[in-house]
Amino acid sequence: MDSPSANQTFLSLQNAGIAFNGVDILRNINFDIPKGQTLVVIGESGCGKTVLLKLLISLLQASTGKVLFDGQDWCALDDKRTNDQRLRFGFLFQGAALFDSLTVFDNVAFGLRAHSKCDEKEIEKLVLMRVKEVGMKESVLGKKPAELSGGMKKRIGLARALILNPEVMLYDEPTTGLDPIMTDVINELILQTRKTMPVTSIVVTHEMRTVTKVADRVIMFSPLSRLKPNEPQVIFDGTTDQLFKTADQRVQQFIHGEAKERTQDSDHNAHRDEAS
Amino acid sequence: MSEALRKELRSALNKVSQAFDGLGDFTIFSALSLATIFKKPSTGTMIPICFRVGVQSVPVVAITGMFIGMVMAIQVFSQFQSLGMATQIGQIINVSVIKELGPVLAATMLAGRIGSSMAAELATMRVTEQVDALICLGVNPLHYLVLPRVLACVLLIPILTVLANFMGVFGGSMVCTEIFKVDPYHYWQNSRGHIQIWDLSVGLIKPIFFGAAIALISCHRGMNSRAGAEGVGKAATSAFVWSFMSILVLDFFLALFFNNLHQAIWPDNSIKTFGPK
Numbered sequence: 012m013d014s015p016s017a018n019q020t021f022l023s024l025q026n027a028g029i030a031f032n033g034v035d036i037l038r039n040i041n042f043d044i045p046k047g048q049t050l051v052v053i054g055e056s057g058c059g060k061t062v063l064l065k066l067l068i069s070l071l072q073a074s075t076g077k078v079l080f081d082g083q084d085w086c087a088l089d090d091k092r093t094n095d096q097r098l099r100f101g102f103l104f105q106g107a108a109l110f111d112s113l114t115v116f117d118n119v120a121f122g123l124r125a126h127s128k129c130d131e132k133e134i135e136k137l138v139l140m141r142v143k144e145v146g147m148k149e150s151v152l153g154k155k156p157a158e159l160s161g162g163m164k165k166r167i168g169l170a171r172a173l174i175l176n177p178e179v180m181l182y183d184e185p186t187t188g189l190d191p192i193m194t195d196v197i198n199e200l201i202l203q204t205r206k207t208m209p210v211t212s213i214v215v216t217h218e219m220r221t222v223t224k225v226a227d228r229v230i231m232f233s234p235l236s237r238l239k240p241n242e243p244q245v246i247f248d249g250t251t252d253q254l255f256k257t258a259d260q261r262v263q264q265f266i267h268g269e270a271k272e273r274t275q276d277s278d279h280n281a282h283r284d285e286a287s
Numbered sequence: 682m683s684e685a686l687r688k689e690l691r692s693a694l695n696k697v698s699q700a701f702d703g704l705g706d707f708t709i710f711s712a713l714s715l716a717t718i719f720k721k722p723s724t725g726t727m728i729p730i731c732f733r734v735g736v737q738s739v740p741v742v743a744i745t746g747m748f749i750g751m752v753m754a755i756q757v758f759s760q761f762q763s764l765g766m767a768t769q770i771g772q773i774i775n776v777s778v779i780k781e782l783g784p785v786l787a788a789t790m791l792a793g794r795i796g797s798s799m800a801a802e803l804a805t806m807r808v809t810e811q812v813d814a815l816i817c818l819g820v821n822p823l824h825y826l827v828l829p830r831v832l833a834c835v836l837l838i839p840i841l842t843v844l845a846n847f848m849g850v851f852g853g854s855m856v857c858t859e860i861f862k863v864d865p866y867h868y869w870q871n872s873r874g875h876i877q878i879w880d881l882s883v884g885l886i887k888p889i890f891f892g893a894a895i896a897l898i899s900c901h902r903g904m905n906s907r908a909g910a911e912g913v914g915k916a917a918t919s920a921f922v923w924s925f926m927s928i929l930v931l932d933f934f935l936a937l938f939f940n941n942l943h944q945a946i947w948p949d950n951s952i953k954t955f956g957p958k
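If you read the sequences in order, they're chains W and Y. Residue numbering for the first sequence follows our numbering, beginning at 12 and increasing consecutively. Residue numbering for the second sequence follows our numbering, beginning at 682 and increasing consecutively.
The shape of chain W in the complex, shown without the other chains (with noise of 0.2 angstroms):
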């Protein structure tokens, strides 16, 4: 489901590569992402999922090559110009992140506030519109983080990316930890975000189900432990029907191994539910 400006690359990887103490973490990554694709980022844990996520925002710096947006690149940008970047972003944590110390509803004013020159009222009426928009109630407004499940605090932490308008939005584990419902839930809401806003989104998963559901492309990374030298570090770029038709035994034990442990935790389900 491409945009009318699809194939004009918005974000760009060249030979990007991060390192930490010492330890190669992402590794020559190359590829471009178009305006308005939803691109799905598969992997098993610790190959690097989040750290690109950061990599794209410039939460982190590559240690070698290129991040490019919009076609300029992340280190030619003084801290200014960086800044102006990324409220182009959106980001959604993996644990949401909301603020702690502040209401729901001072967490989805808060981008308002600190760049807009909305008042008071205005700034009311955007945050109640986004915190509709994700499916939750009036009253949570008052409520504090703490107060809120797991799915609550990921869909209060999309209102709160959602609030100024972003053109790239970046979803980091977005359904990690919730439960079918709610997966299904915050899969609809991405559709959602995308259907109502020329947004490119960028979604980091290990849930095949949000795969199916919302990606445009697939790509596949292996933690650079399990690769010899010189093989490239994605292991797979395609769409979703290419990648359950792959042959590569790697994507197919990690479709298959998720798979299998969705079935198993289905069971799991049905089986706690008669118990009950």
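Fair warning: there could be bad hints in the mix.
Partner residues are not named here, just some residues of chain W that face chain Y (Cβ under 8 angstroms, in silico) [what the hints assert, rightly or not]:
hint : residue
1    : I68
2    : F102
3    : F104
4    : F121
5    : H126
6    : C129
Ranges of calculated distance between the beta carbons of each label pair, as one might list FRET restraints [stated by the list, open to error]:
hint : chain 1 : residue 1 : chain 2 : residue 2 : range
7    : W       : T207      : Y       : G725      : 27 to 35 angstroms
8    : Y       : A716      : W       : H126      : 18 to 26 angstroms
9    : Y       : F732      : W       : D43       : 14 to 22 angstroms
10   : W       : T75       : Y       : K696      : 27 to 35 angstroms
11   : Y       : L937      : W       : Q72       : 52 to 60 angstroms
12   : Y       : F732      : W       : I192      : 36 to 44 angstroms
13   : W       : S74       : Y       : G703      : 44 to 52 angstroms
14   : W       : Q203      : Y       : A910      : 34 to 42 angstroms
15   : Y       : A910      : W       : R237      : 27 to 35 angstroms
16   : W       : S236      : Y       : T918      : 28 to 36 angstroms
17   : Y       : K721      : W       : R237      : 47 to 55 angstroms
18   : W       : Q72       : Y       : D702      : 13 to 21 angstroms
19   : Y       : D702      : W       : R237      : 49 to 57 angstroms
Derived by calculation from the structure, the hints in this document are not laboratory data. All C-beta atoms in this analysis are idealised placements derived from N, C-alpha and C, irrespective of residue type, glycine included.
Using the hints provided, position chain Y relative to the given structure of chain W.
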């Protein structure tokens, strides 16, 4: 040179190099944090922190201040009494409290109560990606999180020091006059001339440095915490340890500096005092 010795030497050199790395990192962190001072703190950040640093520290600073004065009185009384100088005891208590104990005690209490809590809070924010979320929302975490804490500590610690001084002087006088039955008139009369304006001023300037050191060290520890509960715990502990050490080290160098300054300004020691000397 044996292999074992070489290993030990290499490990020692690594530790020295890490210590310099840490010092450099702290220096850059402090410089970047203090550079944000020219921009007004974000709305709603100052009052809650000032409340925690100032108002909520009052009981602990008052109680410890009073007891340090009382303990000093008990320790000093017998020696002064044996010399027949019991009425002079107020001088030593008041000078000790106002010049050294009050500022250091208030700073230590602040480091224990606020420093550790700030480090733990920021460490939790770091490991739960709240600091990253701030950056993604285009807000400088040093301006939003560190600056209000530095300002609150720097501005409020002199007031807490005044309170610790007052309670120390009060506690000492209570023990001397009520328990040891030293004549209150002579106690206060003999105490008056020995507190100088200079002592009071130095006693209020030093805590500003202590406050800045506590806030910067605690925030630095918190912002550089390792992941997990252990990382947060370590950040809180090291914030207190390093803050306390820095208070004592700073106290030594500031005492040296102000003594030399005093000598340079008044070489004949003609200083202004409260009351007759």
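Taking the hints in turn, this is what the structure says about them:
no., hint, result
1, I68, "6 angstroms, holds"
2, F102, "4 angstroms, holds"
3, F104, "5 angstroms, holds"
4, F121, "6 angstroms, holds"
5, H126, "6 angstroms, holds"
6, C129, "14 angstroms, violated"
7, W/T207 x Y/G725: 27 to 35 angstroms, "31 angstroms, holds"
8, Y/A716 x W/H126: 18 to 26 angstroms, "21 angstroms, holds"
9, Y/F732 x W/D43: 14 to 22 angstroms, "51 angstroms, violated"
10, W/T75 x Y/K696: 27 to 35 angstroms, "30 angstroms, holds"
11, Y/L937 x W/Q72: 52 to 60 angstroms, "42 angstroms, violated"
12, Y/F732 x W/I192: 36 to 44 angstroms, "42 angstroms, holds"
13, W/S74 x Y/G703: 44 to 52 angstroms, "22 angstroms, violated"
14, W/Q203 x Y/A910: 34 to 42 angstroms, "37 angstroms, holds"
15, Y/A910 x W/R237: 27 to 35 angstroms, "30 angstroms, holds"
16, W/S236 x Y/T918: 28 to 36 angstroms, "33 angstroms, holds"
17, Y/K721 x W/R237: 47 to 55 angstroms, "51 angstroms, holds"
18, W/Q72 x Y/D702: 13 to 21 angstroms, "18 angstroms, holds"
19, Y/D702 x W/R237: 49 to 57 angstroms, "32 angstroms, violated"
The earlier numbered hints that this structure contradicts are 6, 9, 11, 13, 19.
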